[in-house]
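Novice: Here's the letter readout for the chains.
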Amino acid sequence: MKAPAFDYVRPQSLSEAVGLLTAGGNEARVIAGGQSLLAMMNLRIAAPRLLIDIARLPELSAVAEDDDSVSLGAGVTHAAIEDARQPDPSRGLMARVAAGLAYRAIRNRGTIGGSLALSDPAAEWPAVLGALGAEAVLCGPAGRRSLKCTEFTTGIFETKLADDEIVESIRVPKLSTDASWGYLKLCRKSGEFANALAVAVADPARGHYRIVLGAANGAPLLLGAAAQVLANNPGDREAMGSTIAADLDHAADRHFDSFQRNLLMVAAMRAVQQVTR
Amino acid sequence: MTAIRLHINGAAIADDVPPRLSLADFLRERRNLTGTHLGCEHGVCGACTVLVDGEPARACLVLAVGCDERDVRTIEGFAGDPAMAALRDSFHRRHGLQCGFCTPAMLIAARDLIRRGRASSEVEIRQGLAGNICRCTGYTNIVAAIAEAAAALAGRLPDAE
Chain A
1 MKAPAFDYVR PQSLSEAVGL LTAGGNEARV IAGGQSLLAM MNLRIAAPRL
51 LIDIARLPEL SAVAEDDDSV SLGAGVTHAA IEDARQPDPS RGLMARVAAG
101 LAYRAIRNRG TIGGSLALSD PAAEWPAVLG ALGAEAVLCG PAGRRSLKCT
151 EFTTGIFETK LADDEIVESI RVPKLSTDAS WGYLKLCRKS GEFANALAVA
201 VADPARGHYR IVLGAANGAP LLLGAAAQVL ANNPGDREAM GSTIAADLDH
251 AADRHFDSFQ RNLLMVAAMR AVQQVTR
Chain B
1 MTAIRLHING AAIADDVPPR LSLADFLRER RNLTGTHLGC EHGVCGACTV
51 LVDGEPARAC LVLAVGCDER DVRTIEGFAG DPAMAALRDS FHRRHGLQCG
101 FCTPAMLIAA RDLIRRGRAS SEVEIRQGLA GNICRCTGYT NIVAAIAEAA
151 AALAGRLPDA E
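Those protein sequences? They're chains A and B, same order as listed.
Residue numbers for the first sequence follow the working numbering, beginning at 1 and rising by one.
Residue numbers for the second sequence follow the working numbering, beginning at 1 and rising by one.
Just so you know, the hints here were simulated from the structure itself, not pulled from any lab data.
Among these hints, one or two may not hold up.
What the hints assert, rightly or not - SDA-like cross-link-like pairs, simulated, lysine to any residue; straight-line CA separation at most 25 Å:
no. : chain 1 : residue 1 : chain 2 : residue 2
1   : A       : Lys-2     : B       : Leu-6
2   : A       : Lys-189   : B       : Leu-97
3   : A       : Lys-2     : B       : Ile-13
4   : A       : Lys-2     : B       : Leu-97
5   : A       : Lys-160   : A       : Ser-13
6   : A       : Lys-148   : A       : Leu-118
7   : A       : Lys-2     : B       : Glu-69
8   : A       : Lys-2     : B       : Ile-4
9   : A       : Lys-2     : B       : Leu-21
10  : A       : Lys-160   : A       : Arg-254
11  : A       : Lys-2     : B       : Met-1
To be verified - Calculated from the model, a selection of chain B residues having no Cβ within reach of chain A, i.e. all distances over 12 Å:
no. : residue
12  : Glu-55
13  : Cys-99
14  : Ala-151
15  : Ala-152
Unchecked claim - Distance ranges between label pairs, derived from CB positions:
no. : chain 1 : residue 1 : chain 2 : residue 2 : range
16  : B       : Pro-18    : A       : Phe-157   : 26 to 34 Å
17  : A       : Lys-148   : B       : Ala-12    : 44 to 52 Å
18  : B       : Ser-121   : A       : Ala-84    : 19 to 27 Å
Given the structure is predicted, the values throughout are model-derived calculations rather than measurements.
For glycine and all other residues, C-beta sits at the position ideal for the given N, C-alpha and C.
Construct the complete structure from the given sequences, taking the supplied hints into account.
Specialist: Below, the structure is given as structure tokens:
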């Protein structure tokens, strides 16, 4: 189908965009890559009255690096991450994730900030950024604030982003040189949204251990007890398996059916295996 | 209506478009470039793939207004392109099409795979083509045609855009 009619404006600065978004209320939406929003509009699932095109804003393509982290502008595309066109804080994890995200034609336009702002439950970035301990920097009429990505996404397509805020950048802490990660996306066809997604990160020098599941019927699911096993006893497969199972049992509010639970279990175990091998 | 100026297949174009008009509909209905095909109109089938500033994009998920000052290239715009010439030749000889609906976008996606060095094996080609659906299911010959073109072009990758 075709998108319903709307007005279109292309501001020249982020502050102008925030002003337009504030004035537009809940009838206005920002558009960057548009790779989810335009599909939703063509399907008439979304029908904003005003689109504010932020794709060319210089503030959103800025990349900065310091000793501890890399800050990626929200408008950095998946393809730019796949091609490692900017410094990589993640020792290859983010490039691997990007390469399996949808298709190249989508990756050329879709952005990391847009993916986080939408927070599709089966999307890659909310889970991966959570596993890396990243923070989202949000820009609104009252100024900027930072939120940990693990707190930013609160549910299925639900986030703490206010109606008048725009994701400006994402600050990703650098993994130490001896850190390792594992990543597994299970889907039936290359590039589809995940049926199950698991990210494991072990960074002993920083004491950062995380196992996060995506496509988990809600916000990315942190497996807290399993992350402890990853930190203290990573070689014990039996302990890891029973602890992941216990973490999944603990998430009773996710209402996993047995097939989905099995997929998530397999994804988590294989991601952990990549870390420990 | 919003005024846009852009290049399409090398020609400078100026037009007024309603914001809701997709790049695909703009190309087909305003510019009569009907080689860009519309299948699903929500980014799944890949039939509308064109180049925007040299990179493949879904023309159904791009707004014409967003292409102001951009450079768009459609299947009609590849005359003299060595990689596209090799692909057209191999698709012809390998029978890489049946009904032809997916073919323009298959060629554009394949050219991008070859130029990025991502067509070195059957697995790589199949993964790289996952976003382009052939409902005739003629993938075997499409993949063979791309592999053949990639081999023919090896070592003489075409110049950048």
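Novice: Quick one, are A/Lys-160 and A/Ser-13 close enough, alpha carbons at most 25 Å?
Specialist: With Cα atoms ~23 Å apart, A/Lys-160 and A/Ser-13 stay inside 25 Å; holds.
Novice: Do the Cβ positions of B/Pro-18 and A/Phe-157 conform to the proposed distance bound of 26 to 34 Å?
Specialist: holds (28 Å)
Novice: Can we trust that B/Cys-99 is non-interface, i.e. its beta-carbon lies farther than 12 Å from all of chain A?
Specialist: holds (21 Å)
Novice: Could you let me know if the closest chain A CB is still more than 12 Å away from the CB of B/Ala-152?
Specialist: With a cut-off of 12 Å, B/Ala-152 remains clear of chain A, as the shortest Cβ separation is near 22 Å.
Novice: Are the Cα positions of A/Lys-160 and A/Arg-254 separated by 25 Å at most?
Specialist: holds (20 Å)
Novice: Under the criterion that the straight-line Cα-Cα distance not exceed 25 Å, is the pair A/Lys-2, B/Leu-21 satisfied?
Specialist: holds (8 Å)
Novice: Between A/Lys-148 and B/Ala-12, does the beta-carbon spacing fit 44 to 52 Å?
Specialist: Holds: the Cβ-Cβ distance is about 48 Å, inside 44 to 52 Å.
Novice: So does B/Ser-121 sit 19 to 27 Å from A/Ala-84, Cβ to Cβ?
Specialist: holds (22 Å)
Novice: Hinted pair, alpha-carbon criterion (25 Å max): A/Lys-148, A/Leu-118. Please report holds or violated.
Specialist: Holds - the C-alpha atoms of A/Leu-118 and A/Lys-148 are around 16 Å apart, at most 25 Å.
Novice: Does B/Glu-55 sit more than 12 Å from chain A, CB to CB?
Specialist: violated (4 Å)
Novice: Sort out whether B/Leu-97 lies within 25 Å of A/Lys-189, counting only the CA atoms.
Specialist: With Cα atoms ~22 Å apart, A/Lys-189 and B/Leu-97 stay inside 25 Å; holds.
Novice: A/Lys-2 and B/Leu-6: Cα distance at most 25 Å?
Specialist: Between A/Lys-2 and B/Leu-6 the Cα gap is close to 22 Å, so the pair holds against 25 Å.
Hints 4 and 12 from the list above are not met by this structure, while the remaining hints are.
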